[in-house]
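Enquirer: Chains as they are written, first to last, in the numbering used here: chain R, 120 to 456; chain E, 120 to 456.
The hints are simulated quantities; they were obtained by calculation from the structure and are not laboratory data. Mixed in with the good hints there might be a few duds.
Identical chains share a label here; the pair holds if one copy fits it or two copies do between them.
Said to hold, decoys possible - Pairs of lysine to any residue, SDA-like flavour, derived with a Cα cap of 25 Å: (1) 235 to 441; (2) 177 to 361; (3) 337 to 400; (4) 455 to 405; (5) 337 to 187; (6) 177 to 326; (7) 292 to 313; (8) 422 to 182; (9) 376 to 349; (10) 201 to 133; (11) 177 to 334; (12) 137 to 379; (13) 329 to 178; (14) 292 to 179; (15) 447 to 140; (16) 438 to 295; (17) 376 to 291; (18) 337 to 181; (19) 329 to 181; (20) 177 to 427; (21) 292 to 431; (22) 177 to 261; (23) 267 to 361; (24) 296 to 456.
Protein chains: 2
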Amino acid sequence: MTTNGQWRLKSRPDGMVKESDFEYVEEPVGSPGDGQILVRNLYLAFEPAMRGWLNDVKSYVPPVQIGEVMRASTVGEVVESKHAGFAAGDIVSGMLGWQQYAVADGEPGMMGRLTKVPEGVPPQLVLSALGGTGMTAYFGMLDVGEVKAGDTVLVSGAAGATGSVAAQIARIKGAAKVVGIAGGPEKCAWLRDEAGCDEAIDYRNEDVGKRLRQEFPKGVDLFFDNVGGDILDAALLNMAQNGRVVICGGISQYNEKELPSGPRNYMQIVIRRLTVKGFILVDYFHRAGEAMGELGQWVAEGKLNHAEDIQEGIENTPKTFLRLFSGKNLGKQLLKL
Amino acid sequence: MTTNGQWRLKSRPDGMVKESDFEYVEEPVGSPGDGQILVRNLYLAFEPAMRGWLNDVKSYVPPVQIGEVMRASTVGEVVESKHAGFAAGDIVSGMLGWQQYAVADGEPGMMGRLTKVPEGVPPQLVLSALGGTGMTAYFGMLDVGEVKAGDTVLVSGAAGATGSVAAQIARIKGAAKVVGIAGGPEKCAWLRDEAGCDEAIDYRNEDVGKRLRQEFPKGVDLFFDNVGGDILDAALLNMAQNGRVVICGGISQYNEKELPSGPRNYMQIVIRRLTVKGFILVDYFHRAGEAMGELGQWVAEGKLNHAEDIQEGIENTPKTFLRLFSGKNLGKQLLKL
């Protein structure tokens, strides 16, 4: 009998999430019943939005409960299948959580649904450029932001998994200028050299407002925000008239104990006649095929670069999650099991 | 020779605007040169946005300078005309400021442009329901908010000149439910009895969040905000999925010394997939005829009620302006000269 190492939510984080908010547990690997599939996870994926799932508040998905295995996107290999649609050896993506093994149902909704990864596609790619983060960038830029040729585009959190794809989609679609904001010279160099950005702003070492005024003398047509806080406020003061702001996320806000003050410059929405839109990927799941097809083609054509930060070992799972909030990851944060 | 009493900006307000920020001056009435028109003002109009014009910051119009006559919308009667388009006795609207008389040019842009008031139209109506505030509600509800039959609609500052027209336009367009927020039982009664609201929320005496949850169990489809602050935050927590927020103004913010914290609940824009839009009336001036035509028809048909709070006497001008910020006015704040 094999054991299944799991990380379960032990306590709700108070402010910054800590390793001790999770508890490592081992239990016997489960047996698939009729219609079920036993999967061995190969990679776990980490996203800033997962921080929100730890709070006991109503949101677009239910919170993770104390004692539950932490929810997360995964890819794995089918070990045993009692479901006609899957066979041992299939590579599958799903949301099987922070554990080495999981028994999945066929398609009981978003959380347990498995998708086969086509042969020839590196498994970790369906967690990054072709996965939730890539699709978030895809629909956020194209459907919500309506990026078009000639736009001046700003992306915050641009060295992250979603931001880097968003910046490159703007480039592919003919944006006049693409500027990414990230933390540190290494990430900024990568944005310029690999991720289609004309310029990069290092928010840790530069005056973001000053750089925005320099880079966008006529204002930003489209701002794709993953960060919120001071960066959103600086961007609002540098939007072009009739500019669009896509609120994809707000990583600067997720670990605050008290609800932080909102964007102080929000009256710029009026003064500059802005349109600010939010969105959630789940609303676009029915178009996942379209997104994965186009994203996959861009990857194959060499138009879409992607970076992955791959940590290893189930014991390092919470530590890997925390890398997102200290800004350690360049590109998609993954853990290999 | 007649004297022209004027109120000029004496000092920039520090926080709440005060009467002493303005200075009363008398000077001889000017003489119109070729192409100019001498107008005697009959009514001065007051809007919350005028508070923003007193700050020395770049915005959608230049700030009023120290020593300048305070900018304001007006209606008046032509006393003497050396312009082919105007004759003595014409009733004209324009932005002639806080003064008894003004020499206006024909059409040198927004500030000095005069528009003839058609015969039979009460002059003060072109400062309220058929003027800037009515048109702001018109374009804000129809073009920006895209109100449609079946929408659940919330309006803040609903007993004000713009809010009350906005609420009634929602009613006219077949909204399923229209709720207004205002301060005090008198205004709330007026909203229910005269201004097309199904319900009114008295923010001074009621828990706005609790009432919103009661009145909108399925959420607000369209929120037309004139207030900002706590009311915007409460509304964000009660928006329907894919709801629209029109930011028309933020009167709760205008007199703060420090830039207030923005909407703390702004991440609801993501969670609820909201679209938040700002706008400025000047972008719609080319369609003023359309708006005034339709608004005028609704007034004539008895579908659009309007209230005016009319103070009197040039000496009371700054005091009348301050009524806006203590919430004294029901409907359009005017001063009769």
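Enquirer: With reference to the structure, classify each hint as holding or not holding.
Expert: The hints, checked one at a time:
Taking the shortest alpha-carbon separations for residue 235 and residue 441, neither the intra-copy value of 29 Å nor the inter-copy value of 66 Å comes in at or below 25 Å. Taking the shortest alpha-carbon separations for residue 177 and residue 361, only the inter-copy value of 16 Å comes in at or below 25 Å, while the best intra-copy value is 33 Å. For the homomeric pair residue 337 and residue 400, the shortest alpha-carbon distance between copies (22 Å) is at most 25 Å, but the shortest distance inside one copy (31 Å) is not. Proximity of residue 455 and residue 405 under a CA criterion of 25 Å is satisfied in neither setting, with 29 Å inside one chain copy and 61 Å between copies.
In this assembly of identical chains, residue 337 and residue 187 lie within 25 Å of each other by CA distance neither inside one copy nor across copies; the values are 50 Å within and 30 Å between. Within a single copy, residue 177 and residue 326 get their C-alpha atoms only as close as 36 Å, which misses the 25 Å cut-off; across copies the closest is 21 Å, which meets it. Taking the shortest Cα distances, residue 292 and residue 313 sit within 25 Å of each other inside one copy (17 Å), while across copies they are farther apart (52 Å). When the C-alpha separation of residue 422 and residue 182 is checked against a cutoff of 25 Å, the pair qualifies neither within a copy, at 37 Å, nor between copies, at 47 Å.
Within a single copy, residue 376 and residue 349 get their C-alpha atoms as close as 17 Å, and across copies as close as 20 Å, so both meet the 25 Å cut-off. In this assembly of identical chains, residue 201 and residue 133 lie within 25 Å of each other by CA distance neither inside one copy nor across copies; the values are 42 Å within and 73 Å between. Only between protomers do residue 177 and residue 334 lie at most 25 Å apart by alpha-carbon distance; the minimum there is 19 Å, versus 39 Å within a single protomer. In this assembly of identical chains, the alpha carbons of residue 137 and residue 379 lie at most 25 Å apart only when taken from the same copy (20 Å versus 32 Å across copies).
Taking identical chains as interchangeable, the C-alpha atoms of residue 329 and residue 178 lie at most 25 Å apart only when they sit on different chains, with a minimum of 19 Å there against 36 Å within one chain. Proximity of residue 292 to residue 179 under the C-alpha cut-off of 25 Å is found in neither arrangement, the shortest distances being 30 Å within a copy and 31 Å between copies. With identical chains, the CA atoms of residue 447 and residue 140 are at most 25 Å apart within one copy only, with a shortest distance of 20 Å there and 52 Å across copies. Neither within a single protomer nor between protomers do residue 438 and residue 295 lie at most 25 Å apart by alpha-carbon distance, with minima of 39 Å and 51 Å respectively.
Taking the shortest Cα distances, residue 376 and residue 291 never come within 25 Å of each other, neither inside one copy (39 Å) nor across copies (45 Å). For the homomeric pair residue 337 and residue 181, the shortest alpha-carbon distance between copies (18 Å) is at most 25 Å, but the shortest distance inside one copy (42 Å) is not. With identical chains, the CA atoms of residue 329 and residue 181 are at most 25 Å apart between copies only, with a shortest distance of 23 Å across copies and 40 Å within one. In this homomeric assembly, residue 177 and residue 427 never come within 25 Å of each other (Cα to Cα): the closest approach is 31 Å inside a single copy and 43 Å across copies.
Taking the closest pair of Cα atoms, residue 292 and residue 431 never come within 25 Å of each other, the shortest separation being 36 Å inside a single copy and 59 Å across copies. Proximity of residue 177 to residue 261 under the C-alpha cut-off of 25 Å is found in neither arrangement, the shortest distances being 28 Å within a copy and 32 Å between copies. With identical chains, the CA atoms of residue 267 and residue 361 are at most 25 Å apart both within one copy (14 Å) and between copies (23 Å). In this assembly of identical chains, the alpha carbons of residue 296 and residue 456 never lie at most 25 Å apart, being 39 Å within a copy and 54 Å across copies at closest.
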